[in-house]
Every structure is written in C-alpha cells, then in structure tokens.
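*Asks:* Can you make the complete structure from the sequences, with help from the hints?
These protein sequence lines are chains A and B, in that order.
Start counting the first sequence at 1; every next residue gets the next number (my numbering).
Start counting the second sequence at 1; every next residue gets the next number (my numbering).
Wrong hints could be hidden among the right ones.
Claimed, not checked - The calculated label-pair distances, taken between Cβ atoms and stated as ranges, are:
#1 A:L398 <-> B:E137: 55 to 63 angstroms
#2 B:S95 <-> A:L416: 39 to 47 angstroms
#3 B:S95 <-> A:R839: 24 to 32 angstroms
#4 A:R455 <-> B:E137: 49 to 57 angstroms
As the list claims (entries may be wrong) - Chain A is nowhere near these chain B residues, computed Cβ spacing over 10 angstroms in every case:
#5 L30
#6 S44
#7 Q183
#8 R206
If you are wondering where the hints come from, they were derived from the structure by calculation, not from laboratory data.
Note that this is a predicted model, so its numbers are computed, not measured.
Glycine included, C-beta positions come from ideal geometry on N, C-alpha and C.
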Amino acid sequence: MNLWATALKIASREARASALKFLFVAFGVAAGVGALTGVRGFSQAFRDTLRSEARTLMAADIAIRQFNLTTPEQDAAAQKYVDQGAVLTRITETVSMMDSPAGGAPLLVSIKAVDPQAYPFYGKFVLDPPAKLKDALTADSIVVSDDLVVRMDLSTGSTVRLGGQEFRVSGVVKSEPDRMTGALNIGPRVMISHAGLERTGLMQFGSRASQRLLFKAPEPRFNLEAMKTDLRKSFTDARVVTAREAHPAIERALDRSTTFLSLVSLIALIVGALGVATSVHAHLQQRLDTIAIMKCLGARSSQIIGIYTIQTGLLALAGGLAGVGVGAAVQLLFPLLLRRYFNFEAGVHWSPAFALEGIATGLLVTLLFTLPPLLSIRRVKPALIFRREMTEARPPLLTRLKRQTPSILCGGLILLGLGAIAGWLADSARMGWMFVGGLVVSLLILSGVAWILLRSLRWLVQKGPWRLSVPVRQGLANLYRPGNHAGAVLVSLGVGVMFTLSIYLIQKSLLSEVAGAAPPNAPNVFMINVTEREYAGLKTLLDAQPRASQDPKSKPRLIPFVPARLVTINGEPLKLQGLRGWERRFSQARQVSSISEKPDDIQIRKGQWWAPDAKEPRVALDEEAANVLKARPGDVLRYSVAGREFDARLAAVYRIISAGPGGVGETIFNPAALDSFSKQYVGLARMPVSHVQQFQREAYAKFPTVSVVNAADVLAIVQEVVDQVSLLVRFIAAFAIAAGVIILMATVAGTRFRRMREAAVLKTLGARRRQLLGIFSVEFLVLGLVAGLMGGLLATAFSRLLMTRLLDAEFRVEWLPNAVTVVLVGALSLIAGWLASARVLPQKPLEVLRDE
Amino acid sequence: MNQPILELRSVTKSIDTGTHRVDILRGIDLAILPGEFVAIMGASGSGKSTLLGLLAGLDTTTTGEILLDGEEISRLGEDALAGIRGRKIGFVFQSYQLIPTLTAEENVLLPAELAGESASACLGRARMLLDTVGLAERRDHYPVQLSGGEQQRVALARAFMRKPPLLLADEPTGNLDSATGQQILDLLLALNRTEGTTLVLVTHDRDLTIHASRIITLKDGVVISDERQGGAE
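*Replies:* Given below as structure tokens:
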C-alpha cells in the first residue's frame with residue numbers, strides 16, 4: 001500500500017512540475033471522451049426523435065393487421081399490454097360504394113373507421129377546414145379525401161350515402177400520416193367513426209374488412225421487439241409490425257445512421273487514444289534519464305511502472321472529466337445549432353451514465369494504449385546514465401523474441417480490450433472485431449511503410465546522387481535518426497487519418513443511400529384503376545402537366561400491372577407450411593408489374609436486370625419476397641395469369657430504396673412476359689403540390705373512373721425524416737472530423753519537446769531560426785504527406801469493408817477526397833509543426849541544455 | 001573487517017557496436033574492504049565508468065563474478081539489483097542526475113520513499129542532510145533553479161539518505177570549477193566520515209586522490225596499478 005502511496009506522491013509531483021506537457025496528453029483524452037459522450041448522448045436523443053418521426057408514418061408503435069375479427073384469445077393478448085400501460089385503438093378498413101343523394105354515379109370508396117378520441121397516436125391528422133378529428137367524426141359525419149371531393153363534386157357540409165345511411169361531409173383530409181400502411185389501389189378515402197360504420201350496417205358476418213390494432217407503447221424505451229414477438233404468438237395469421245419495420249427504407253436509413261453514430265463515437269475515441277499513446281510515449285522517452293536515476297536509487301521496474309501508470313491514469317481521469325464537460329457542452333450546443341431544423345421532442349438528457357461510461361472508456365482505452373510504452377520501462381537500463389550510446393550485443397532471435405513476449409502479450413490484450421470496448425459501444429461484437437481487424441491491418445501496413453520509408457530516406461540522404469540543401473538533408477535525416485520516433489508518429493498519424501477520413505467517406509456514401517429513400521423525383525400523385533382504354537389519353541394528359549422538376553427521371557410513368565399467382569419454383573409447388581401470417585400472401589394472386597428499364601427507386605442486390613429487348617419471360621423479386629420464397633437468380637418460377645400458366649426465369653433480386661408511397665411492387669416482369677395479357681395501369685407523377693388539385697379535376701373530367709391519389713403529405717413526412725437523418729449524419733461527421741483533425745495536430749505538436757534539445761544544439765552550432773524552421777518543415781511535411789497518402793488508401797479499404805459488410809450498403813471509391821486528404825494532412829502537419837515550433841524556437845539554448 | 005564489501009573475480013565486459021566487438025574490461029580481480037576510500041583512475045576510455053556501473057549492479061558482466069557483501073550480484077535480476085542498490089549503495093554522478101521535476105528536498109527524499117520508508121522519519125533526515133550540505137533554505141527549489149555546485153550538493157545529500165554502506169562517485173567534481181569542486185569533495189569526505197561509508201570514486205583528477213586510502217589505475221580495461229597510501233583515512 002505504501003508503495004502505491006509513494007508512487008502516487010511521485011507521480012503527482014512529476015505531473016505538477018510539467019503541467020503544460022501533461023495538459024497536452026490530457027487534451028487527447030478530453031477530445032476523445034468529449035466526442036464519445038457528446039455523440040453518444042446526442043445520438044440517443046436523435047434516435048428518439050427520429051423514431052418518433054418514423055412512427056408517425058404508422059401512427060403507432062406497433063400495428064397488427066388481419067382480415068378476421070379478433071378472437072377472445074387475441075383480445076386477451078392485446079389487453080395484457082393495455083394493462084401494462086400501452087394504449088390500444090382499433091381501425092376497421094373496408095370498401096363500399098358511396099353515392100350522393102344529389103345524384104351521380106356511385107363510387108367505390110375505401111372506408112377507414114377509427115376511434116377519433118385515440119387515433120392517431122403519433123403524427124397530425126390535418127383537416128380542411130381546420131378541425132379536430134374527434135369533432136369532425138361523429139356517428140353522422142365523415143371526412144373524405146380531396147380526390148373524392150373532385151370526383152363527387154362534394155364540399156364541406158355535403159351529404160353522401162354509405163350503406164343506405166346519410167352522412168354529412170365535415171371536412172377534407174389534408175394529411176393522413178399513416179396512409180402508406182393501407183393499400184392505395186382501392187378507392188378514394190372516407191374516414192368514419194366506429195359508431196358511423198356501425199350505422200352503415202356494412203359490417204356483416206363475412207364482410208371483407210381488415211382489422212388493424214394500433215398500440216402506443218407504455219413508455220419510449222419499451223421493448224417493442226419483445227412485444228411484437230409475443231403478440232405474434234396470438235395473431236398467427238396477422239401482420240404484426242413495429243413502426244420501423246413498416247417502412248424498410250426508412251428503417252434502413254435509421255439503422256444505418258445509428259450504426260454510423262456508434263461508429264463515429266468509436267473512431268473519435270480511438271483517434272483520441274492514439275493521441276494519448278503518442279504523447280505518453282514521447283513523455284516516457286524524455287523520462288528515460290529519470291527512470292534510470294530512479295533505478296540507480298533502488299526503484300524496481302514495477303515501482304516505476306506504477307508511478308507512470310498512476311500518472312497516466314490521473315491524466316486519463318483529468319482528460320476524461322474535461323471530456324465529459326466537453327461532451328455535455330456538445331449535447332447542449334447541438335440542439336441549439338439545429339433548432340431551426342429539428343424539433344427535439346425527446347429532449348437531450350445529460351445522463352450521469354454517459355459521463356461515467358465516457359470516463360471509464362477513456363481511462364481504459366488510455367491505459368490500454370499506453371501499455372507498450374509503460375512496459376518498455378522494464379527495458380530501461382540504469383547504466384544509461386553512464387553511457388548513453390551503449391549498445392548491447394545483439395542477442396539471438398529466440399532471446400529477442402522472449403524479451404518481446406510481454407509486448408506481444410500486451411498487444412494482444414490491447415486488441416482484445418479494444419474489440420470488447422468497440423463491441424460494447426456499438427452493441428455489436430461484429431463491429432468490434434471489424435474495428436480491431438482494421439486497426440491491426442492498418443498498423444501492420446503503416447509500420448511496414450514507415451520502415452521502408454525511413455530506410456529509403458536514409459539511402460536518399462546518404463547515397464543519393466542529389467545534393468540536398470541543409471534544411472532538406474537535416475529534416476529528412478531527422479526522420480530516421482535514432483531516438484526520433486518518426487515511425488511511431490507516422491503510424492499513429494496514419495491510423496488517425498484513416499479513421500477520420502473513413503468517417504467522411506462513409507457519411508458520403510451513407511448520405512447518397514439515405515437520400516435515395518426520398519429522391520427528388522419520387523412520385524407524389526398516383527393514378528389507379530387505369531385500364532388500357534384510358535392509357536393513351538391519360539399519358540397525353542400527364543405529359544401536358546407541369547412537372548416538379550425538369551429532371552428527365554421525373555417524367556410521369558404508367559406502370560402496367562396484372563394479377564398473377566405463383567404456382568411453382570423450379571417445378572416444386574410452393575411450400576407454405578413454414579410461412580406465417582403475412583408471409584403466406586404469396587399463395588394468392590398478387591399484382592405484378594411489367595417494366596422494361598430498371599427504375600431508379602430499386603437497387604439490384606443479386607443477379608442482373610434484363611436487356612430491354614429480352615424475348616424470354618424474366619422476373620425480378622423484391623429481396624424480402626425472394627427470402628421468403630427461398631428463390632435465387634436462375635430459378636424458374638411458374639406463374640398463373642388469367643388462368644394461363646407460364647415460366648419465367650428469376651433474373652434479379654432487388655431492394656426498394658425509395659421510402660415513398662406506391663412504386664413497383666414486389667414482383668416485376670419484363671414486358672415480353674406479360675405482353676399478351678390485358679393490363680391495368682398505375683400512374684406515377686411528381687407534380688408541384690399546388691397543381692395537384694387542378695390535375696385531379698382535369699383527370700376526373702376526362703377519365704371519371706380513374707382515381708387520382710394525392711400523396712404529397714406522406715411524401716413530405718418521408719422527406720422530413722430523410723432530411724433530418726442527412727443533416728444529423730453530416731453534422732456529427734463534421735464534428736468528429738474536426739475533433740480528429742485537432743487530435744492529429746496535437747499528435748504532431750506533442751513531439752515538440754523532443755525538438756527542444758535538437759534546436760538548442762543546432763542553435764549553439766550557429767543555426768538560424770529560419771534554418772531550424774526549414775528543417776522542421778521538411779520533417780513535418782514528409783510525415784504529413786506520407787501519413788495522408790497511406791491513411792487515405794487505408795480509409796478507402798476500411799470504409800468499403802464497413803459499408804458493404806456492416807452497413808449493408810454500396811460503396812463507391814472516390815479519389816478526390818483521397819487527394820485532398822494528402823494535401824490537407826501535409827498542410828495540417830506543417831501548421832501543427834510550426835505552431836509547436838513557435839514555442840521551441842525562441843528558447844535559449846542554455847536553458848534547454850541545462851535542463852537536460 | 002576482513003571480509004571485502006566488494007569483490008571482483010575475473011570480470012570482463014564487452015559490447016557489440018553492431019560491426020565489431022569492443023572489450024572494455026578484460027579480466028579484473030579486485031577486493032575492496034569496508035571503510036576504504038578507493039580512487040579508480042585512468043584515462044578516458046580506460047573502462048572506469050563501466051567498472052563503476054558493474055560494481056553498482058547497474059550493468060551485467062560478460063564473464064566473471066561480482067560479490068557485494070559476499071552476495072554474487074552479477075547474475076541477479078533487475079529488481080533484485082534495484083533492491084540491493086536501494087539498501088546498500090549511494091551514488092554521486094558527474095552530471096548530478098537529479099530528477100528535474102522534483103524539488104531539492106523531494107530529490108533527497110526519493111531513495112527513502114522508493115524503499116517505502118515512512119514520510120515523517122525520512123523528512124527529518126532529508127532536512128538534516130540538506131542542512132549539512134548548506135541548502136536548507138533552498139529545499140523547495142527545482143534543479144533548474146540551482147547552480148551546478150548546488151545540484152551536486154543535493155545529489156550528495158541524496159546519496160547519503162539511506163545510510164548506504166557503499167558510496168560510488170563518478171567524477172563528482174568533473175562538471176564544477178575547482179573551488180566548488182573542492183567544496184564538494186570536502187563535503188563528501190565529511191559525510192563519508194560521519195556516516196562511516198566505504199567510498200569508491202572514479203576520477204581522472206589526481207588532486208582528488210590525495211585523500212584516498214587506495215588508488216587503482218586502469219588502462220585499456222585492465223588494472224595496471226593498485227596502490228595503498230597511508231596518508232588519508
């Protein structure tokens with residue numbers, strides 16, 4: 001105990017005397033921990049906010065949809081959660097004919113009966129004229145969609161008939177947040193209260209209606225996945241989904257952005273730790289004499305290691321505390337900066353857990369990273385004091401390896417520890433190991449490059465045919481001289497650059513993926529019930545409409561659909577035994593589309609899209625459908641359309657990347673496959689929002705049977721989520737990159753103490769400040785350029801690995817950021833070097849030499 | 001008092017410079033008795049400092065044995081040697097070797113603290129020693145705030161802190177002007193006398209050897225003379 005007390009005493013005395021130097025080291029930890037706690041705390045709030053945005057698209061946390069009325073057992077299962085504090089509301093959806101007492105043809109409408117007191121749990125239901133849903137929906141009144149207003153020439157106050165009962169139209173639906181969860185292809189929307197639906201008498205035994213149960217979780221952090229799994233046991237034939245699952249594209253965007261945030265915090269910490277390791281290494285190098293003296297005075301290696309471990313621990317703790325302060329400030333600052341764009345419903349909580357987590361992680365990572373320099377204390381010979389230049393006889397390889405055993409063990413320990421921390425921070429062991437793998441490979445490559453570089457430089461300076469100027473020669477020689485840790489600095493700088501640039505590259509690729517969820521040409525108007533009769537006329541009408549953008553991809557499209565049933569796969573009848581609930585949908589006829597060119601809103605995951613002139617029938621499946629059916633490209637799928645069966649080879653498996661409503665569906669054929677069948681069409685167009693109503697009128701006037709659905713409100717919600725994800729990803733990435741740059745600069749600047757003696761000696765020998773600056777500049781520039789180049793290349797490889805393996809996304813290699821990185825790191829290294837030298841150069845030589 | 005405090009048996013030391021091997025010490029046999037004041041002399045490169053390092057267990061021999069108080073130390077591990085140094089050996093170096101981040105008093109206290117001695121007991125002795133070397137007033141100064149002579153006085157106080165039976169000094173006045181050097185030597189001898197220490201001093205300054213009881217001269221790694229003189233202690 002006494003020994004530790006002594007170690008503590010000596011450690012604190014040392015720290016007190018070199019406060020400035022210690023500040024440098026603590027700074028690295030502070031930046032890392034600050035970024036970690038800031039990003040983690042903030043991303044929690046961000047996740048909550050986005051989750052709440054996403055659930056507005058379903059109006060609930062969990063939704064169950066089935067075509068039967070609930071059984072008593074199902075009611076009991078639902079009630080269990082109500083008892084736990086969840087709120088439940090039911091929605092009944094059906095179709096019926098509606099007409100107006102004033103006359104005109106009756107129209108098929110899609111009826112949605114809700115309890116206006118409870119629905120919607122999330123999001124806003126907007127009516128024109130503005131009113132609350134609970135006031136607008138009574139047993140005698142309904143609200144209708146804008147296309148219905150056009151088609152039946154209705155207005156607020158009009159009377160319509162449903163199931164023979166009269167209802168007053170009390171408003172027009174302007175925004176129905178969960179519209180995407182229903183089917184688009186039935187008819188214009190009518191919203192009614194349960195009492196109203198009762199009054200229509202439409203719900204008789206055997207009526208075709210779907211039941212939806214919407215749940216609001218008892219509290220924001222409620223385990224929805226467990227609840228879903230549990231509910232599925234009772235609702236076997238139903239589709240039970242959480243808000244995130246309901247919209248795979250949005251879910252992917254959220255998933256990836258949260259994974260990305262974990263990644264960023266991890267990188268921030270590793271870069272911080274690298275800074276610390278470099279600083280501690282430099283610190284111990286300067287302490288070699290002190291260590292030797294202490295050994296002469298009777299200190300055991302373990303005692304000295306204890307002293308410096310305590311010192312490092314104290315530094316890490318101080319840095320950690322400062323970092324937690326920075327993190328708290330960041331958490332407060334972010335919402336202020338983003339207030340204009342973001343409505344932080346959940347609010348940013350500063351939690352002591354994050355603070356403790358940050359401090360503990362900072363401490364652990366710092367100690368892990370400083371193990372090698374700390375253990376190297378054992379190798380410091382006390383005789384160093386007598387003969388600094390003493391070289392020992394080179395022992396045989398086995399002895400050398402034996403001596404290196406602790407270092408090798410400690411390297412393994414660092415990697416294990418780091419992997420565990422990474423896995424814990426990211427909630428994914430896989431990510432942890434990827435990190436460690438990336439780090440090991442980078443360290444090996446960078447060490448190799450450093451070795452080759454330093455030897456090449458030595459050859460260049462000593463044997464090269466060129467006559468180099470004094471600063472260039474000295475600057476280059478500085479890099480390979482014994483005692484210069486250019487290799488170590490190059491490795492840590494390179495790894496730092498790799499991680500920092502990876503953040504940029506990943507966020508760039510990620511953003512283009514996320515943006516794909518709400519492409520600027522995503523359709524906001526849908527036309528359904530378009531037959532071949534209306535096709536040409538509607539096409540002409542659509543082409544004459546103003547477009548939201550002049551992008552050729554935003555041209556209106558009319559996609560042909562036919563109902564088709566899958567009969568066999570590779571000659572085997574469909575096996576539906578293992579499939580449950582929603583997965584059984586493939587046993588029935590489903591709408592399939594026919595498209596020649598690959599649409600922009602899908603991404604091919606496996607196989608290849610067909611040539612436009614392919615004569616053989618080809619089919620492409622959505623990846624979820626392909627998974628359920630266990631179908632792979634090359635398989636032969638037999639379909640039955642209008643009683644006729646034909647075979648089509650599965651050409652591709654795709655993923656729908658757009659999160660907007662409507663689209664191509666989960667089965668697409670090439671035109672040749674469906675040529676001979678009579679088709680219905682779905683029209684898709686992107687129009688200026690202000691023009692949609694006019695188009696609805698024009699279309700109705702010319703094609704009264706075609707329904708025109710305005711989906712601008714739903715698209716706006718999707719756009720909002722995507723915009724927010726993009727903004728946050730950009731913001732956090734910028735923050736982490738800035739932190740990375742500062743830490744890297746500190747790493748370079750941290751070597752300045754080593755330069756003091758050299759500068760003093762050179763000055764004594766007559767070197768002018770300009771010459772010294774020149775020498776240092778060459779040294780820093782070479783370090784920066786090489787670290788930038790290697791870090792850049794490694795970042796490309798690492799980002800590719802993370803994007804394809806972890807984020808399940810595409811990665812495009814971009815050389816421009818790499819080129820910019822090389823220049824930038826070179827420049828930053830130079831600036832950091834100059835800033836550091838600014839304090840070294842004016843020092844009087846004697847002051848430094850005496851201090852030695 | 002017949003058993004030597006230090007004994008060297010056929011000690012050699014060679015180093016490998018990478019391209020060739022240099023034999024620094026080539027078979028040294030030596031016995032130093034308790035209470036002796038031994039001066040080791042020789043030109044630069046004769047192996048004096050290496051010999052001192054080996055005597056202190058700071059380095060290992062290539063061949064041969066070194067016995068300190070009858071205990072073979074040339075093959076001991078680092079930590080065992082550190083323990084022996086802490087208990088039995090005091091050091092004075094040519095370039096003082098104070099720890100720059102500790103004050104004068106803290107430097108003096110350090111050997112005792114490293115041995116785990118209680119702070120209050122050590123503090124009294126540290127102050128007494130600082131007082132003896134005339135630096136009581138400057139105990140809170142850092143090495144950089146002290147002159148060379150003052151730094152060496154702190155180093156002297158530190159060397160005697162744990163009352164070591166053996167004191168090794170490597171050119172203790174080498175970096176000082178002659179007046180300050182003389183002052184340091186006087187202090188060293190006075191402390192040596194009061195503390196009853198065996199003193200081994202490496203120097204190439206013949207003036208310093210006047211007080212020695214024995215002068216050993218090295219040349220090219222071998223002892224070329226070992227003279228006892230009656231004048232000193």
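*Asks:* Each hint should be assessed against the structure and marked as holding or not.
*Replies:* Hints versus structure:
In this structure the supplied range 55 to 63 angstroms holds for L398 (chain A) paired with E137 (chain B), their Cβ-Cβ distance being about 57 angstroms. As the Cβ distance of S95 (chain B) to L416 (chain A) is approximately 43 angstroms, the hint placing it in 39 to 47 angstroms holds. Separated by about 26 angstroms at the C-beta atoms, S95 (chain B) and R839 (chain A) satisfy the suggested range of 24 to 32 angstroms. Between R455 (chain A) and E137 (chain B) the CB atoms are about 55 angstroms apart, so this pair conforms to the stated range of 49 to 57 angstroms.
Its beta-carbon lying about 18 angstroms from the closest one in chain A, L30 (chain B) satisfies the requirement of being farther than 10 angstroms from that chain. Chain A leaves S44 (chain B) outside its interface by the beta-carbon criterion, the shortest separation being 12 angstroms against a cut-off of 10 angstroms. Against the 10 angstroms criterion, Q183 (chain B) stays outside the reach of chain A, whose nearest CB is about 20 angstroms from its own CB. At the 10 angstroms boundary, the C-beta of R206 (chain B) stays outside the reach of chain A, the nearest C-beta of that chain being 22 angstroms off.
Of the numbered hints stated above, none is contradicted by the structure.
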